[in-house]
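*Asks:* The lines below spell out each chain.
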Amino acid sequence: MSKPVLKISDLRASVEEKEILKGVNLEIKGGEIHAIMGPNGTGKSTLSQVVMGHPSYEVLGGEITMNGEDVLEMEVDERAHAGLFLAMQYPSEIPGVTNSDFLRMSKRARLEEGEKEQSLIKFINELDATIDELKIQPDMAHRYLNEGFSGGEKKRNEILQMKMLKPEIAILDEIDSGLDVDALKIVGDAVNSMRSEEFGALIITHYQRILDYITPDFVHVMMQGRIVKSGGIELMKKIDEEGYEWIKEELGIEDERVIQDEEKRPVRLDSCGTKEKLGL
Amino acid sequence: MSIQNLPLAEKTNIKNWAFEALALTDVTAPSVDLSALHVTDNAVVIVDGHVVHNQVDANLTIETTVSAHANENKLLVLNNEKKNSTLKVTVPKNVTIETPLSIIVIAKERSLVHASEVILETGAALNYTESFIGQGNFNANIASTFNVGENANLVTNTINELYPGTVVYHHKHADVDANGVLDATNFMINDTDLVFEDFTYLNGRGSEAETKTVSIASEGQKQNLTIRIENAAARSIGNIINYGITKDTAHLAFNGVGKIQKNAKDCDNQQETRLLNLSKTAEAVANPFLLIDEGDITAGHAASIGQLDEEQIYYLMSRGMSREAASKMIVSGFLTPFVDALEDEAMREALSARIEAKLG
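Note that the protein sequences, when read in sequence, are chains F and E. 11 is the number of the first residue of the first sequence in the numbering used here; add one for each residue after it. 934 is the number of the first residue of the second sequence in the numbering used here; add one for each residue after it.
All the given hints hold, so there is nothing to weed out.
Restricting the straight-line Cα-Cα distance to at most 25 Å, the calculated cross-link-like pairs of lysine-lysine (DSS-like) are: (1) Lys176(F) x Lys117(F); (2) Lys117(F) x Lys1261(E); (3) Lys247(F) x Lys258(F); (4) Lys1261(E) x Lys164(F); (5) Lys17(F) x Lys28(F); (6) Lys117(F) x Lys145(F).
Pairwise CB distance ranges (calculated): (7) Gly158(F) x Gly1239(E): 16 to 22 Å; (8) Glu136(F) x Glu1005(E): 56 to 62 Å; (9) Glu1031(E) x Asn135(F): 35 to 41 Å; (10) Ser129(F) x Pro963(E): 40 to 46 Å; (11) Thr1231(E) x Glu29(F): 49 to 55 Å; (12) Gly1239(E) x Asn35(F): 36 to 42 Å; (13) Thr997(E) x Gly161(F): 56 to 62 Å; (14) Thr997(E) x Glu127(F): 47 to 53 Å; (15) Ser203(F) x Glu1031(E): 48 to 54 Å; (16) Ser968(E) x Ser66(F): 50 to 56 Å; (17) Thr1182(E) x Arg118(F): 30 to 36 Å; (18) Glu127(F) x Ala969(E): 27 to 33 Å; (19) Gly158(F) x Gly1228(E): 34 to 40 Å; (20) Thr1182(E) x Arg219(F): 52 to 58 Å.
Under 7 Å between C-beta atoms, here's a sample of chain F residues computed to sit facing chain E: (21) Met62; (22) His64; (23) His91; (24) Leu96; (25) Ser102; (26) Ile104; (27) Gly106; (28) Met115; (29) Ser116; (30) Ala119; (31) Arg120.
None of these hints come from the bench; they were simulated from the model. Yeah, the Cβ is synthetic: ideal placement off N, Cα and C, and Gly gets one too.
Input sequences plus hints: build the corresponding full structure.
*Replies:* Below is the structure:
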């Protein structure tokens, strides 16, 4: 298998007629791990959804190619077949569909016609081993997809899918939010175990917590719907120590956001609104 | 006295439905391949009004004379007069029947006009499934009564698989005595026009009932379902759960009625209706009623009517499934929790297959 390449050129996109991405350029190759960092509301999650083809986003211009093929022309499922995978920040809950049926259907959908299907036994063995590796509760395979999962369980379930589906390029959107230190380590190990010339990853985060466990080869900073700065691990370290203000000053940016309330989701009662409001 | 009124069937005009067009001429006991059916160790099979199989738990009493229905409307009068098969099941006092009882009623060459009565005496327990299967193009009229005695526990599954071009009237009536528990699930997987009524009366203190009803209406079918639970005694608990799917140009109306009588203190009556409408030309109606004559109670209702969730489709497609496969998975998942609750595996599989076929 040759090295995969995801290439994003001058990508512009909008949601509800508001332009969010204002010319993103990025190239991810097999063997590379990229991290996009940046404060909330700068367009990071939008980028991941546009690459995967979320129906709410409209592409205004630019190109995305995967191994030279035009991604923007593809349906969402075709993008998955092309080797793309997005670990979602807020995965959907699907009642009545068990996790294992869902995974089996997803795996089956990726097979080329005429290709021999993996046997059920082999599938179950692979699923059991991956569940074990990710220290997921074994009953999760038989529970309905994401229904009643805690935030951390949903994130681990996204990683489970990534390991089972073996994409060529994976985008991990805020995979670290809602994870405790032990879970972060497990997720980090899972991504590291996939490192090869045939696998590239893009990790989107506004903390650097996850990057303590996965060392990126390239670090990018996103502001105002663009990548405004790129570098190596030293860039991450500087942000860790000094925050983002110095970049804003250097580039003369006053307000880095393109979305004012991207991550202001309603506080759920069961997450204890009072504590969140008081910052406890 | 002649009773002229039709069932209420709110939101659906049933005035001109041909309920009375019944094919009643007797046919000789038809041969039926029992191996093609799922006949358990504790089962009765009736074909065109003839009992062709009767092998039940020795503790059960099976009779063929049923009490006449209260003549609440002219379709129940019709059932009383024209019924061509009857079955009465009695579970004696303090007897628990371990193996689920399965009653299969099939219409091949004449209308299915069936009346049944299930009686659980004090402290009795039974898991009871009745399946009505139409294999010919005939109207049907079904009336079932359930009597759950004091401290008795009845689980019922009603499965309808009736076939095209027909008009079906199906009425269920249940009375629950003190501390009795009724857990009823109705699977209305018909290719017919349908008026379905399921009325439960919580007559005894501390009695409980949950009625779960699933219906799929496709093509030009018109279906009206009224699920009623009436709290007539203190500390009684009623719960109504309705799930429906509409396709093509179908019309499906779910009326949920929670009624609390005066002096039924400390009782609870809840209902939830979820309808999934798969076509712009279909019509899905959720019509909740809470009729409350007592202050010291809790009651509530929730209803939603929606289309397929684009966010869910996107999620499944992002894992490689086609839009069609993703939609299918979400729609069948909508009903799966009800099917999964069936105890018998072969019954689960047969019902899943029927639902898949109906959803297309």
